[in-house]
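Trainee: Now for the letters of each chain:
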Amino acid sequence: MSGNTGYEGLMPFMKLRLLWTRAYYSVCFFRSGLLFFLSEESDLSGNTSVIPFFWLAAPERSHLIAMIRSLTMKKIFIFIFLALCFLSNPALSGEKETHDQVKIGFVTTLTGSAALIGEDMKFGAELALEHLKGRMGELDVSIIYEDDESKPEIGKQVTDKLVQWDNVDFVTGFIWSHVLLASRRSVLNAGNFLISANAGPSQMAGKMCHDNFFSVSWQGDQMSMAIGEVLNKKGIKNIYMMAPNYTAGKDMISGFLRVFKGQVMGIDQTKWGGVPQLDFSAEFAKVRSSGADALWAFYPGKSNFSFLNQYEQSGLAEHIPLYTVFVFDATTLPRMQEAGLKSVPGSLFPQFWDPTLNIPANNVFVTDFRAKHNRYPSFYAAQSYDAINLINLAVTSVKGDLTDREGMRMAMETADFPSVRGKFRFGRNHFPIQNFYLRKIVTDKESNWTSEVVETIFIDHQDPYVDACLR
Amino acid sequence: MSFELLLVQILNGFQLGVLLFLVAAGFTLIFGIMGFLNLAHGSFYMIGAFICSSFTLLSGSFFVGIFLTLPVMALLGAAFELLFARHLYERDHLDQALATFGIMLVFNALVQIIWGVQGVQISLPDYLRIGMDLPVLRGFSFYRLIIILVGVFVASFLYFLVHRTHFGMLIRACSSDRMMLASLGVNVQRFLTVVFALGAVLSGFSGMMVLPLSGGFVGMGREIMILSFIVVIMGGAGSVKGAFWAALLIGFIDTMGRAFVDDLLKFLVTSQISETVAPAVTSILIYLFMFVILFFMPRGLFPLKTR
Numbered sequence: 000m001s002g003n004t005g006y007e008g009l010m011p012f013m014k015l016r017l018l019w020t021r022a023y024y025s026v027c028f029f030r031s032g033l034l035f036f037l038s039e040e041s042d043l044s045g046n047t048s049v050i051p052f053f054w055l056a057a058p059e060r061s062h063l064i065a066m067i068r069s070l071t072m073k074k075i076f077i078f079i080f081l082a083l084c085f086l087s088n089p090a091l092s093g094e095k096e097t098h099d100q101v102k103i104g105f106v107t108t109l110t111g112s113a114a115l116i117g118e119d120m121k122f123g124a125e126l127a128l129e130h131l132k133g134r135m136g137e138l139d140v141s142i143i144y145e146d147d148e149s150k151p152e153i154g155k156q157v158t159d160k161l162v163q164w165d166n167v168d169f170v171t172g173f174i175w176s177h178v179l180l181a182s183r184r185s186v187l188n189a190g191n192f193l194i195s196a197n198a199g200p201s202q203m204a205g206k207m208c209h210d211n212f213f214s215v216s217w218q219g220d221q222m223s224m225a226i227g228e229v230l231n232k233k234g235i236k237n238i239y240m241m242a243p244n245y246t247a248g249k250d251m252i253s254g255f256l257r258v259f260k261g262q263v264m265g266i267d268q269t270k271w272g273g274v275p276q277l278d279f280s281a282e283f284a285k286v287r288s289s290g291a292d293a294l295w296a297f298y299p300g301k302s303n304f305s306f307l308n309q310y311e312q313s314g315l316a317e318h319i320p321l322y323t324v325f326v327f328d329a330t331t332l333p334r335m336q337e338a339g340l341k342s343v344p345g346s347l348f349p350q351f352w353d354p355t356l357n358i359p360a361n362n363v364f365v366t367d368f369r370a371k372h373n374r375y376p377s378f379y380a381a382q383s384y385d386a387i388n389l390i391n392l393a394v395t396s397v398k399g400d401l402t403d404r405e406g407m408r409m410a411m412e413t414a415d416f417p418s419v420r421g422k423f424r425f426g427r428n429h430f431p432i433q434n435f436y437l438r439k440i441v442t443d444k445e446s447n448w449t450s451e452v453v454e455t456i457f458i459d460h461q462d463p464y465v466d467a468c469l470r
Numbered sequence: 000m001s002f003e004l005l006l007v008q009i010l011n012g013f014q015l016g017v018l019l020f021l022v023a024a025g026f027t028l029i030f031g032i033m034g035f036l037n038l039a040h041g042s043f044y045m046i047g048a049f050i051c052s053s054f055t056l057l058s059g060s061f062f063v064g065i066f067l068t069l070p071v072m073a074l075l076g077a078a079f080e081l082l083f084a085r086h087l088y089e090r091d092h093l094d095q096a097l098a099t100f101g102i103m104l105v106f107n108a109l110v111q112i113i114w115g116v117q118g119v120q121i122s123l124p125d126y127l128r129i130g131m132d133l134p135v136l137r138g139f140s141f142y143r144l145i146i147i148l149v150g151v152f153v154a155s156f157l158y159f160l161v162h163r164t165h166f167g168m169l170i171r172a173c174s175s176d177r178m179m180l181a182s183l184g185v186n187v188q189r190f191l192t193v194v195f196a197l198g199a200v201l202s203g204f205s206g207m208m209v210l211p212l213s214g215g216f217v218g219m220g221r222e223i224m225i226l227s228f229i230v231v232i233m234g235g236a237g238s239v240k241g242a243f244w245a246a247l248l249i250g251f252i253d254t255m256g257r258a259f260v261d262d263l264l265k266f267l268v269t270s271q272i273s274e275t276v277a278p279a280v281t282s283i284l285i286y287l288f289m290f291v292i293l294f295f296m297p298r299g300l301f302p303l304k305t306r
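Going down the list, the sequences are from chains B and F.
Residue numbering for the first sequence follows numbering that gives the first Met the number 0, beginning at 0 and increasing consecutively.
Residue numbering for the second sequence follows numbering that gives the first Met the number 0, beginning at 0 and increasing consecutively.
Derived from the structure by calculation, the hints contain no laboratory data.
Since we're looking at a predicted model, the values are computed, not measured.
There is no bait here: all hints are sound.
Subject to a maximum C-alpha distance of 30 Å in a straight line, what follows is the list of computed DSBU-like cross-link-like pairs (lysine-lysine):
no.: 1; chain 1: F; residue 1: K265; chain 2: B; residue 2: K249
no.: 2; chain 1: B; residue 1: K236; chain 2: B; residue 2: K341
no.: 3; chain 1: B; residue 1: K236; chain 2: B; residue 2: K249
no.: 4; chain 1: B; residue 1: K270; chain 2: B; residue 2: K236
no.: 5; chain 1: F; residue 1: K265; chain 2: B; residue 2: K236
no.: 6; chain 1: F; residue 1: K265; chain 2: B; residue 2: K270
no.: 7; chain 1: B; residue 1: K150; chain 2: B; residue 2: K270
no.: 8; chain 1: B; residue 1: K260; chain 2: F; residue 2: K265
no.: 9; chain 1: B; residue 1: K341; chain 2: B; residue 2: K439
no.: 10; chain 1: B; residue 1: K249; chain 2: B; residue 2: K270
no.: 11; chain 1: B; residue 1: K121; chain 2: B; residue 2: K439
no.: 12; chain 1: B; residue 1: K260; chain 2: B; residue 2: K206
Please model the complete structure; the sequences and the hints are all you need to start from.
Mentor: What follows is the structure, encoded as structure tokens:
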């Protein structure tokens with residue numbers, strides 16, 4: 000490198016810009032190819048090679064010409080190969096979809112540090128299907144699992160793919176509320192059913208409620224309201240709050256503040272997203288010096304271990320008790336036990352479900368799950384199990400006529416299926432009205448860490464957003 | 000805001016900076032000497048943590064785990080250089096970035112296949128896991144103090160290595176003029192393999208240190224890679240000294256941002272708004288800082304004088 004331009008340090012970035020430009024050209028080219036094959040209006044038997052080309056905007060057209068000029072034989076072969084792939088897809092080659100099977104799209108996280116939750120949800124759905132013997136009424140069932148990488152933009156992409164490509168009738172799954180919010184339109188605008196098996200953002204319980212959206216889980220505020228109620232009863236006066244900075248974190252905080260009567264000493268919202276913040280040293284030092292009586296936290300899936308581990312290491316565990324929502328679940332408890340976290344046994348947390356609930360459907364679910372996977376199911380699995388059973392209710396009640404959307408909706412609104420949480424009903428916003436229990440981490444007979452119900456916090460509790468739902 | 004809290008937060012920032020330095024040091028050496036852009040460098044951080052956890056479980060001791068992993072990391076780094084990196088030196092940065100990015104994805108997938116999606120967790124030995132209850136350092140864990148001490152030790156060792164030994168002289172010579180060094184009879188190729196191994200060991204060591212704090216998980220290298228990229232650019236590409244100060248600065252700013260931004264904002268706006276704005280401000284703080292530094296010092300804090 001000669002000459003002191005002073006920008007040598009930035010060379011990699013400039014190179015990356017070049018990469019970006021090349022990628023952009025490729026995408027333009029690819030898209031023009033896609034337009035050609037995806038155009039439903041164009042008559043494929045007619046003179047099609049010209050029309051889609053002129054649909055392109057002028058700059059894209061000139062890119063395309065440039066690209067075609069630079070084509071080598073190798074690239075032409077690749078393009079033909081891709082074209083054949085597209086044409087061989089039944090959805091695109093003009094074959095009409097037939098309702099001889101129920102197709103369910105399942106969006107969850109299958110890679111990255113939250114993949115454990117996704118795996119558990121997958122296990123729950125698979126078990127439900129096994130119990131249904133792979134059929135709903137007269138129809139075969141296929142579940143197509145897609146990975147959202149716990150990113151909203153990827154979640155929306157795979158949802159689009161499920162709806163437009165695979166022609167699914169139902170889309171379910173969704174661990175993360177921001178992913179659900181980003182993906183909802185893709186499903187609902189296409190007239191399909193969207194069933195959340197975990198996320199419960201306040202927006203979708205309120206203003207954005209929809210005829211075809213159902214939740215078999217909970218609304219975020221409720222869980223937090225339940226633990227707030229418990230803390231009121233315990234007479235805790237000052238609290239410090241920590242949650243990740245995304246939709247559900249905000250719901251959890253607002254739910255807690257809705258019921259908690261004491262004083263809030265501070266709120267920290269830490270970085271979330273593809274790479275969440277995993278070092279909480281700065282926050283724990285603040286908690287320590289704030290003089291709070293207790294610490295409230297919401298850290299699902301990927302960061303709960305780091306959180307608890309550092310809660311112990313910072314010495315906070317001996318001074319400030321921890322009350323949590325969505326920190327403990329059966330997917331991570333075995334690892335916490337392996338790592339010997341001392342503050343975990345005896346921890347209290349709220350939930351709408353517990354493996355010890357003595358309900359016939361639940362007993363079958365928990366026993367079979369344990370036999371198959373050699374550990375307790377988490378509530379994530381329980382919700383997924385219920386989601387598949389709710390879909391089964393819809394399909395069987397219309398006798399497999401999947402075009403009868405009205406009939407399926409009416410059937411689902413009754414919630415008349417053997418849920419693992421027992422009998423419950425749907426509110427106007429299609430969120431469950433259900434009990435919330437206080438659970439406690441205990442050691443079972445085989446000395447595994449699991450949970451049991453201590454008391455019922457709420458009976459038939461409805462979320463606070465239902466009034467804003469003007470469906 | 001008490002003095003005590005401020006002190007603990009300064010130490011927290013210091014600890015993050017030290018971990019960052021260990022990763023950035025190897026990256027900057029390789030980038031400075033060969034102009035080689037290795038996006039897979041963060042993978043060594045991840046692999047170090049995973050291998051160390053397995054050795055710890057096998058041997059029952061965290062320290063044995065670390066000492067067994069260090070030579071493995073050196074071998075991995077050397078193998079990486081011989082098999083992949085060597086063939087990319089003469090290509091431009093774009094090709095290097097693409098190739099090493101691909102390798103990073105392969106490493107992620109391999110780790111997920113070997114150790115599973117759930118990642119690995121180990122707990123500290125009992126004598127390390129105590130929180131310190133000294134009057135001035137309430138709530139600062141003993142282990143974090145050890146990280147700082149070890150990190151400072153490694154940093155001074157590196158400084159000694161680069162500036163006071165024959166090996167360090169070669170490193171510096173290599174970054175100024177590789178051709179000249181080769182014509183003086185030094186086997187530059189073999190020398191580069193050694194430097195690569197050193198980089199992998201440092202990065203892997205950082206991963207091992209962080210393992211008892213936040214556990215090991217697939218993709219953990221990505222976050223640290225972004226940060227250490229900033230460190231290298233801010234410190235001046237190729238400069239170990241620059242990497243050290245930039246890493247401390249980044250660790251410090253990030254921690255201070257998380258600790259005090261919301262309190263500071265409360266002076267300006269209502270506390271409700273500050274609770275909403277603070278996380279956003281905190282997460283862009285280091286990038287803002289990088290912007291300011293590069294605006295006034297486009298070649299970084301301590302640019303290499305040669306070239």
